[in-house]
Amino acid sequence: MSTQVLVLSSILKIVFVLIVTVGVFAPVLIWAERRQSAMIQDRLGPSRAAIVLPPSAVALIDKARLPMWRGFALTGVIAVVFLVGLTYVAVVGTNPLPVSTATLTWTFIGFGAAALLLRIGYGVHSMIVRNDGKIMLLGLLHPLADAVKFIFKEDFVPPKSDKFLFAAGPIIALIPAIAAFAVIPFASTLHLDHWNQVLPRTGEISGAAIPMQVASLNVGILFIFAIASTGIIGAAISGYASDNKFSLLGGIRAASQMVSYEVVLGLTLVPAFMVYRSLRLEDMAEWQHIHSWGIFNPLLALSFVMFFTAAIAETKRVPFDLPEGESELVGGYLTEYSGMKFGMFFMGEFVEVVSLGAIASILFFGAWDVPFLERDGFHIFGLSLQLQHWMVILIQVLFFLLKIIVFIWFQLMIRWTMPRFRYDQLMKLCWKGLLPLSLINILLMGALILSGGLQKYVDLLDRIF
Amino acid sequence: MTVTVKVIKKPGRTVAEQVYLPEAAKGLGFAMKRFFKNTLKPADKNDIDTVKYPEEKRDYPERFRGVHRLTQRTDGSPRCVACLCCSTACPAQCIHIEPAEYEPGDPRYGYERFPEVFVIDELRCIFCGYCVEACPCDAIRMDTGMHMPPSTARDHFLYDKETLLSIPGKDGTYLTANPRHEPGDPSHPGIDREHGH
Numbered sequence: 001m002s003t004q005v006l007v008l009s010s011i012l013k014i015v016f017v018l019i020v021t022v023g024v025f026a027p028v029l030i031w032a033e034r035r036q037s038a039m040i041q042d043r044l045g046p047s048r049a050a051i052v053l054p055p056s057a058v059a060l061i062d063k064a065r066l067p068m069w070r071g072f073a074l075t076g077v078i079a080v081v082f083l084v085g086l087t088y089v090a091v092v093g094t095n096p097l098p099v100s101t102a103t104l105t106w107t108f109i110g111f112g113a114a115a116l117l118l119r120i121g122y123g124v125h126s127m128i129v130r131n132d133g134k135i136m137l138l139g140l141l142h143p144l145a146d147a148v149k150f151i152f153k154e155d156f157v158p159p160k161s162d163k164f165l166f167a168a169g170p171i172i173a174l175i176p177a178i179a180a181f182a183v184i185p186f187a188s189t190l191h192l193d194h195w196n197q198v199l200p201r202t203g204e205i206s207g208a209a210i211p212m213q214v215a216s217l218n219v220g221i222l223f224i225f226a227i228a229s230t231g232i233i234g235a236a237i238s239g240y241a242s243d244n245k246f247s248l249l250g251g252i253r254a255a256s257q258m259v260s261y262e263v264v265l266g267l268t269l270v271p272a273f274m275v276y277r278s279l280r281l282e283d284m285a286e287w288q289h290i291h292s293w294g295i296f297n298p299l300l301a302l303s304f305v306m307f308f309t310a311a312i313a314e315t316k317r318v319p320f321d322l323p324e325g326e327s328e329l330v331g332g333y334l335t336e337y338s339g340m341k342f343g344m345f346f347m348g349e350f351v352e353v354v355s356l357g358a359i360a361s362i363l364f365f366g367a368w369d370v371p372f373l374e375r376d377g378f379h380i381f382g383l384s385l386q387l388q389h390w391m392v393i394l395i396q397v398l399f400f401l402l403k404i405i406v407f408i409w410f411q412l413m414i415r416w417t418m419p420r421f422r423y424d425q426l427m428k429l430c431w432k433g434l435l436p437l438s439l440i441n442i443l444l445m446g447a448l449i450l451s452g453g454l455q456k457y458v459d460l461l462d463r464i465f
Numbered sequence: 001m002t003v004t005v006k007v008i009k010k011p012g013r014t015v016a017e018q019v020y021l022p023e024a025a026k027g028l029g030f031a032m033k034r035f036f037k038n039t040l041k042p043a044d045k046n047d048i049d050t051v052k053y054p055e056e057k058r059d060y061p062e063r064f065r066g067v068h069r070l071t072q073r074t075d076g077s078p079r080c081v082a083c084l085c086c087s088t089a090c091p092a093q094c095i096h097i098e099p100a101e102y103e104p105g106d107p108r109y110g111y112e113r114f115p116e117v118f119v120i121d122e123l124r125c126i127f128c129g130y131c132v133e134a135c136p137c138d139a140i141r142m143d144t145g146m147h148m149p150p151s152t153a154r155d156h157f158l159y160d161k162e163t164l165l166s167i168p169g170k171d172g173t174y175l176t177a178n179p180r181h182e183p184g185d186p187s188h189p190g191i192d193r194e195h196g197h
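Which chain is which? The protein sequence lines are A and B, in order.
Each residue of the first sequence is one higher than the one before, counting from 1 in my numbering.
Each residue of the second sequence is one higher than the one before, counting from 1 in my numbering.
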């Protein structure tokens, strides 16, 4: 593989990860968190932010309505006809038509994309053309308004604070949260030379192979732990630098809580390492792709519950948000922060939510593994649908993002259900509850492996799936 | 007689509550039920109470007291006879009336007066509705269903006679359902200052 390809693909992967986390997930999460909590509490939540269009633009958009709908109907019907033809070819295996399968596919993709674009355009513009010409988009403009507010707000720095550390705190909290995405694989290996061919189901593939993750480190998950624990410093020094008793208490709480749960976080995952026999996240994903998802192993399911609990405590979110503790500590280590510095803490927290979702789905829910999807396409109980390599990769990426979204949704659900723990309960849960339980879990998993029970269980699951 | 003490056992926590997870799952289930009900069901079937204000407005009750109006007779003159009952009853003293006599020869002359000036200071009004209760002629009403239109100057809120007469009721009319018997009408009982009971 040439150096140019390597550099270019690396840059593209970094951009993709940044767009997904910072560009899409974090802003949408700010909205989703408030909207979802409102839905639980029988309210509507933020939905009022709007861009007001001038009447002339509204009239213009209104005129485009009918042509758009007709275009969608036309291209959609053509696309469906081609899809029927393609399905016939895929099921029967031969192509009786005078045109080649590749032409068929490309025509279908062309018309399908046109139909999709027109439909999206029609839907979007129906959303736009409310009778008063306001674009509201279900309240998705609120994060935008929030960002504008954060940027233009006064950036207050307490006069006697440590100016350098005060400014460094949010950066140290945000950067590690994003950096953790470096080792997360979002699809199986991309074989660049065969990108529009159907790959064989097994066997080695020649040519350039690009792992779909930014950095393939052999420490893998340990890198995430190391990076995540850097976040402690951000919270602790911002609490110290604020020159505020509440901030200091919050910072101390954050430091002790995160250090405690860091231990448990690692130990709960040890059984998973024992099963997958690797610390590389891509190897774990591969193992689950070949065998079965980790969650189907009862001991790993236990370890998932413990990991999830510890990870929520590690991200300092409800019910473990004692470092913020607004009822007793005003805002904890966030008390003195305003403007974009607060925004960075906020962003860091949401990126951590996303990375937690990603790690949980990689370790226990098969990462990019889609049920019945092999390297050459879908195989469902004898039926098979051949797919080209890039389609397979695309489906894997989308499915992985879907898993992350489900986990984010679940985390927000937990956040709006549980009341906050007391500090002694928090520490008790860590040192007297999760720590011994995870050690026992490791022992049990060790016994299972040594007795050969694990191998039998995995074989059993292999036969079922 | 001995005093009997009924010992009430302090409610303890069950094992499920102490383990926390089952109870947490129960709470999560409840929250999810609410979430799915409110997101998936259409607006009339979910429990969301929020009113999207400028587009939707909450219905006011039938007897909502809005901005005042002066009701009209069939000829367009005010029903008010300037008896000053409303301004007397007004606890906020926001009604100012200057009564005047009709011209001699007018059928109403010597029978009733009319308001030369009728001003309500809507900023002073507390919307108690006593003026409506006090009025013997059904001349002042608060059934417009209107809020006061906002303005930047205080004197815009001094509603004079013409303004008050120009505000229709909720049903769109300037009259009331109560018929009026003018002097000279056949239905008029014929009682006036000269011809008593």
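A couple of the hints might just be wrong.
[Stated by the list, open to error] Heads up, incomplete: computed chain B residues facing chain A, CB under 7 angstroms, no partners named:
(1) G27
(2) L28
(3) A31
(4) F35
(5) T39
(6) D47
(7) I48
(8) K57
(9) S77
(10) H147
Hint data in this document are derived by calculation from the structure and do not stem from the laboratory.
Computed from a predicted structure; not experimentally measured.
For every residue, glycine included, the Cβ atom is placed at its ideal position computed from N, Cα and C.
These are the hints, each one checked on the structure:
1. G27: For B/G27, the interface hint holds, since the closest Cβ of chain A sits about 5 angstroms away, which is under 7 angstroms.
2. L28: OK, holds: B/L28 within 7 angstroms of chain A, min 5 angstroms.
3. A31: Holds - the Cβ of B/A31 comes within 7 angstroms of chain A, reaching about 4 angstroms at its closest.
4. F35: holds (5 angstroms)
5. T39: With Cβ-Cβ at 5 angstroms, under 7 angstroms, it holds.
6. D47: holds (5 angstroms)
7. I48: holds (6 angstroms)
8. K57: This hint is violated: B/K57 lies away from chain A, its Cβ roughly 15 angstroms from the closest one there, beyond 7 angstroms.
9. S77: violated (41 angstroms)
10. H147: It is violated, given that the least Cβ distance between B/H147 and chain A is near 20 angstroms, above 7 angstroms.
The structure shown violates the earlier hints numbered 8, 9 and 10.
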